[in-house]
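From just these sequences and the hints, can you work out the full model?
The chain contents come next:
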Amino acid sequence: MSQYILRRIAIAFPLILAVTTVVFVMLRVALPGDPAQIMAGDRASPEQIEIIRRKLGLDRPVIEQYLIFLRDFAQGDLGRSVKFREPVMGVIARAFPFTATLTFLSVTVGTSIGLVIGVITAVNQRTWIDNVGIVLTVFFFSIPTFWLGLMLILIFSVGLRVLPVQGTGSWRHFVLPVATLAVGQSALIARLTRSSMIEVLSADYVRTARAKGLARRQVLVGHALRNTLIPVITVVGLSVGGLLGGAVITESIFGLPGVGRLAIDAISNRDYPMIQGAVILVAASFVFVNLIVDIIYAFVDPRIRYA
Amino acid sequence: MPSAELAGERGRPDGLYQLALLKFVRNRVALFGLFCLLLMLLAILFAPQVTPYDPIGKNTPERNLAPSLLHPFGTDKLGRDIMSRVLFGGRVSLMVGFLSVGLAVVISTPLGLIAGFFGGVADNVIMRVMDLILAFPGLILAIFLVSLLGSNITIVIIAIAFFSLPTFSRLIRGITLSIREMEYVVAARGMGAGSLRIMFFHILPGVLGPMIVLTTLGVSGAIVAGASLSFLGLGVRPPTPEWGAMLADGRNYLRTQWWIAVFPGMTITLVVLILNIIGDALRDALDPNVRA
Chain Z
1 MSQYILRRIA IAFPLILAVT TVVFVMLRVA LPGDPAQIMA GDRASPEQIE IIRRKLGLDR
61 PVIEQYLIFL RDFAQGDLGR SVKFREPVMG VIARAFPFTA TLTFLSVTVG TSIGLVIGVI
121 TAVNQRTWID NVGIVLTVFF FSIPTFWLGL MLILIFSVGL RVLPVQGTGS WRHFVLPVAT
181 LAVGQSALIA RLTRSSMIEV LSADYVRTAR AKGLARRQVL VGHALRNTLI PVITVVGLSV
241 GGLLGGAVIT ESIFGLPGVG RLAIDAISNR DYPMIQGAVI LVAASFVFVN LIVDIIYAFV
301 DPRIRYA
Chain G
1 MPSAELAGER GRPDGLYQLA LLKFVRNRVA LFGLFCLLLM LLAILFAPQV TPYDPIGKNT
61 PERNLAPSLL HPFGTDKLGR DIMSRVLFGG RVSLMVGFLS VGLAVVISTP LGLIAGFFGG
121 VADNVIMRVM DLILAFPGLI LAIFLVSLLG SNITIVIIAI AFFSLPTFSR LIRGITLSIR
181 EMEYVVAARG MGAGSLRIMF FHILPGVLGP MIVLTTLGVS GAIVAGASLS FLGLGVRPPT
241 PEWGAMLADG RNYLRTQWWI AVFPGMTITL VVLILNIIGD ALRDALDPNV RA
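Protein sequences appear in the order of chains Z and G.
Position one of the first sequence corresponds to residue 1 (the numbering used here), numbered consecutively onward.
Position one of the second sequence corresponds to residue 1 (the numbering used here), numbered consecutively onward.
If you're looking for bench data, these hints aren't it; they were derived computationally from the structure.
On a predicted model such as this, the values are computed, not experimentally measured, just so you know.
Where is the CB? At the ideal position from N, CA and C, for every residue including glycine.
Check the hints yourself; a few may be wrong.
Not close to chain Z: a few residues of chain G, all C-beta gaps over 12 angstroms, as computed [as the list claims (entries may be wrong)]:
no., residue
1, Leu38
2, Leu41
3, Phe118
4, Ser147
5, Gly209
6, Ile212
Which stretches of chain G does chain Z cover? Using the computed rule of at least three CB atoms under 8 angstroms from a CB of chain Z, they are [unchecked claim]:
no., stretch
7, 137-145
8, 156-164
9, 227-237
10, 256-268
Label-pair restraints from in silico Cβ distances [to be verified]:
no., chain 1, residue 1, chain 2, residue 2, range
11, Z, Ile292, G, Ser68, 48 to 56 angstroms
12, Z, Lys55, G, Tyr253, 41 to 49 angstroms
13, G, Leu177, Z, Ile292, 24 to 32 angstroms
14, Z, Ile233, G, Val186, 29 to 37 angstroms
15, Z, Val25, G, Ala43, 43 to 51 angstroms
16, Z, Gln75, G, Leu78, 24 to 32 angstroms
17, G, Ser178, Z, Ile11, 17 to 25 angstroms
18, Z, Val132, G, Leu177, 34 to 42 angstroms
19, G, Leu70, Z, Arg94, 36 to 44 angstroms
20, G, Ala43, Z, Pro61, 54 to 62 angstroms
21, G, Gly190, Z, Pro61, 36 to 44 angstroms
22, Z, Pro231, G, Val125, 22 to 30 angstroms
23, G, Met266, Z, Ile129, 23 to 31 angstroms
Printed below as a string of structure tokens:
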């Protein structure tokens with residue numbers, strides 16, 4: 001068990017190092033044009049550009065820049081944002097709670113609803129309940145986030161006037177963004193749970209459990225559901241990891257100052273230290289969440305531990 | 001004699017793909033979806049013949065009209081017919097969807113086959129690179145690339161293809177791994193078939209089924225990804241119509257002209273929904289465990 005976990009950790013750290021290296025190379029080497037020039041703007045004098053270049057350490061050899069960057073990163077220093085004129089870490093730390101709240105709430109709500117729908121449709125396979133469930137989930141699965149967000153605003157903010165359109169400040173501001181993301185999540189989980197449950201229900205141990213006289217409910221919850229959850233955990237992990245960096249659209253529609261919007265703003269402002277920091281942190285949290293999922297997996301599924 | 005003719009003589013379907021076709025045809029919903037999709041494709045392809053309106057030029061006297069018989073989807077602030085714009089915009093969105101997935105399939109098929117077939121170092125290198133791509137926030141990086149390299153469709157297509165590589169190559173690798181050990185592959189090797197021959201003539205056909213399913217679902221995902229980029233103001237430039245860009249435009253008029261945002265979004269949802277239904281149907285049809 002501990003060997004398995006150690007092996008997973010041993011894979012995760014080089015991955016994060018590789019991510020940071022790629023981002024570094026992309027921004028320093030592959031970038032068309034001089035970052036100092038771009039940051040300074042078109043009207044800057046050569047002296048001003050030179051000052052920026054020296055401030056960012058761009059006048060040193062690339063290898064040295066890379067080593068300095070790694071040393072700083074290891075100490076939790078991702079440089080200073082050009083636009084905010086303060087450490088990148090601090091700016092991200094202010095944005096992260098919004099993204100984390102949005103991710104946590106939408107994944108929790110979406111997964112719970114999806115599990116219930118998935119189990120109900122699997123248990124009632126090939127009945128009208130199942131058919132309605134299939135139609136609803138494929139529909140919810142297909143609505144693009146950006147349109148769903150706009151339609152929810154149109155219905156609940158413009159039409160019924162019960163919820164705010166944009167911004168932060170109260171729990172009411174989170175209702176529509178969470179709903180926007182939870183709809184897709186619930187459809188994803190419901191589809192997965194249904195197919196996983198159907199497979200599990202035909203397994204020998206479920207038949208054995210029924211045959212030895214256990215109540216239907218006991219078999220469903222105690223035997224079938226537990227094993228159904230195994231693939232669901234992976235997908236929930238991927239959702240959490242993806243949303244931590246990928247709620248860009250939702251954050252931008254609802255004006256939530258999260259990490260995704262921060263990254264987009266940084267890109268349009270050509271704030272390179274900020275872009276670098278946001279991409280690295282988002283990628284690192286994706287790797288980290290998946291590491292946790294792998295570890296949970298080992299606890300839930302003994303086949304993995306001994307493989 | 002081709003096996004199809006043989007099957008015809010025997011009067012019953014033979015082989016996975018014929019059986020799959022039979023199962024797919026029996027799926028009424030999917031068949032209807034396919035019909036609608038083809039109809040939409042035709043309308044988009046022949047947009048200049050279908051609609052009498054110019055999707056780009058201004059027509060100020062007819063601006064901000066609510067949906068009517070003359071303008072089923074209404075008109076926007078410049079008096080342009082939304083339905084015409086949706087039809088013309090479909091060309092961009094569908095091109096992004098199909099070309100980016102096509103590119104991803106062409107690159108990831110050999111990668112997945114090699115990783116699964118040879119294992120060892122090749123497998124490790126290819127799959128760790130895929131893990132790396134997967135770890136990046138795809139949408140953010142796509143936005144970054146497009147903003148750096150210029151807003152044009154080619155770059156959008158390449159960016160979307162790049163970030164879908166892991167999904168495809170992982171799937172192909174997984175199936176290759178399981179087929180590699182099957183007896184008919186061992187037999188082919190025993191008869192002296194080389195690695196390339198085994199990979200492309202014995203393993204690839206087995207990979208094809210799941211690939212068709214993933215490709216269908218991939219196209220719907222890529223259409224949404226492309227529309228997301230132009231929704232955020234990247235990709236195509238106005239006044240060229242594109243579904244995501246039209247939605248972004250309509251977003252500012254939700255209170256007064258709801259139709260500007262509603263209809264382009266509805267079209268994307270419909271196309272994605274149909275592609276997903278077809279993908280599901282193909283999955284069921286190609287799964288030998290699901291009865292017709």
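Which earlier hints turn out false for this structure, listed by number in ascending order? Per hint list: 4, 8, 16, 19, 21 violated.
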